[in-house]
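Engineer: Dock chain B against the given chain A, drawing on the hints supplied.
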Amino acid sequence: MTVGLNEYILLSAILFAIGFFGVLIRKNTLVIYMCLELMLVASTVALVAFSHFNRTMDGNVFVFFILTVAAAEVAVGLAIIVALFRRRQTIQVEELNALKN
Amino acid sequence: MSDLFFYLFAALTAGSALAVVFTKNTVAAALSLLVSLVGVAAIFVLLDAFLLAALMVFVYAGAVVALFLFIVMLLDTQGGDRKPFKKATIVASAFSFAILVLGLLSFAQRGAQAEIVHETAGPVVPIGASLRAYGEQLFTTYLLPVQIVGFLLLIAMLGVIVLSKKFEGLEDIK
Numbered sequence: 001m002t003v004g005l006n007e008y009i010l011l012s013a014i015l016f017a018i019g020f021f022g023v024l025i026r027k028n029t030l031v032i033y034m035c036l037e038l039m040l041v042a043s044t045v046a047l048v049a050f051s052h053f054n055r056t057m058d059g060n061v062f063v064f065f066i067l068t069v070a071a072a073e074v075a076v077g078l079a080i081i082v083a084l085f086r087r088r089q090t091i092q093v094e095e096l097n098a099l100k101n
Numbered sequence: 001m002s003d004l005f006f007y008l009f010a011a012l013t014a015g016s017a018l019a020v021v022f023t024k025n026t027v028a029a030a031l032s033l034l035v036s037l038v039g040v041a042a043i044f045v046l047l048d049a050f051l052l053a054a055l056m057v058f059v060y061a062g063a064v065v066a067l068f069l070f071i072v073m074l075l076d077t078q079g080g081d082r083k084p085f086k087k088a089t090i091v092a093s094a095f096s097f098a099i100l101v102l103g104l105l106s107f108a109q110r111g112a113q114a115e116i117v118h119e120t121a122g123p124v125v126p127i128g129a130s131l132r133a134y135g136e137q138l139f140t141t142y143l144l145p146v147q148i149v150g151f152l153l154l155i156a157m158l159g160v161i162v163l164s165k166k167f168e169g170l171e172d173i174k
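Those protein sequences? They're chains A and B, same order as listed. Okay, so the first sequence: first residue is 1 according to the working numbering, each after it adds one. Okay, so the second sequence: first residue is 1 according to the working numbering, each after it adds one.
Just chain A, same shape as in the assembly:
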């Protein structure tokens, strides 16, 4: 079996980097939020891989909590986006510049 911990960590790193790039380059708040979720999922891949190769349970339980927190976070974040859209009629980040100047 050639696929070891390194390949899984590499996959996790690639996913995290893609999500990070998306957060930087995209202007739609919803897509930025999706990319944040992608980064969170990338970290869970690393945790599960560590847990599997170290024969401990802790990483899996951490991922359990991460899933719960992510669900709560998505609900609150999307409610904020909806409230924002109701107030400003846009979710493009370059138009949300009320704090500029």
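Simulated from the structure, these hints should not be mistaken for laboratory data.
Partial pick of chain A residues on the chain B-facing surface, computed with a CB cut under 10 Å:
no., residue
1, 14
2, 15
3, 18
4, 53
5, 61
6, 69
7, 82
With a straight-line cut-off of 25 Å between C-alpha atoms, the simulated DSS-like cross-links for lysine-lysine are:
no., chain 1, residue 1, chain 2, residue 2
8, B, 87, A, 27
9, B, 87, B, 24
10, A, 27, B, 86
11, A, 100, B, 87
12, A, 100, B, 86
13, B, 24, A, 27
14, B, 86, B, 24
15, A, 100, A, 27
Idealized CB from N, CA, C, for every residue including glycine.
Structural biologist: Frame of chain A, contents of chain B only:
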């Protein structure tokens, strides 16, 4: 065989993650996110974490992506012309992306020699496969975090209700 599946699902996950970043359509981005999350669930199955794979499909692919699609439908932000990116934005994004990738790759390389020790040690039985192991951990070592997470979910629910409610007599800032 397992290796083949790993590379297959890794390519699926990374490819659809790229699609999330680069597609113009928000609905297509949400569906690419769905494919990516299912790929991650498959990776979890390869790592013997069957419960987490099922939870991943339920919570993320089920609830989260459905919520995203619902909000996209609600907000209807597809139309309208977009300003093109500034040069500085693209350069800065690509630069920080490159720095992050280099840093993560150096970490991955540094971990390469330390890994072999753990591979052969330990029992052969898959550790994350049994529901009993989760129960024992969640109700002994992680009992306080379980309760805190429950409280967090309650607070999140209240927060969402307050955020989505329309308050009368609140003047617009704009």
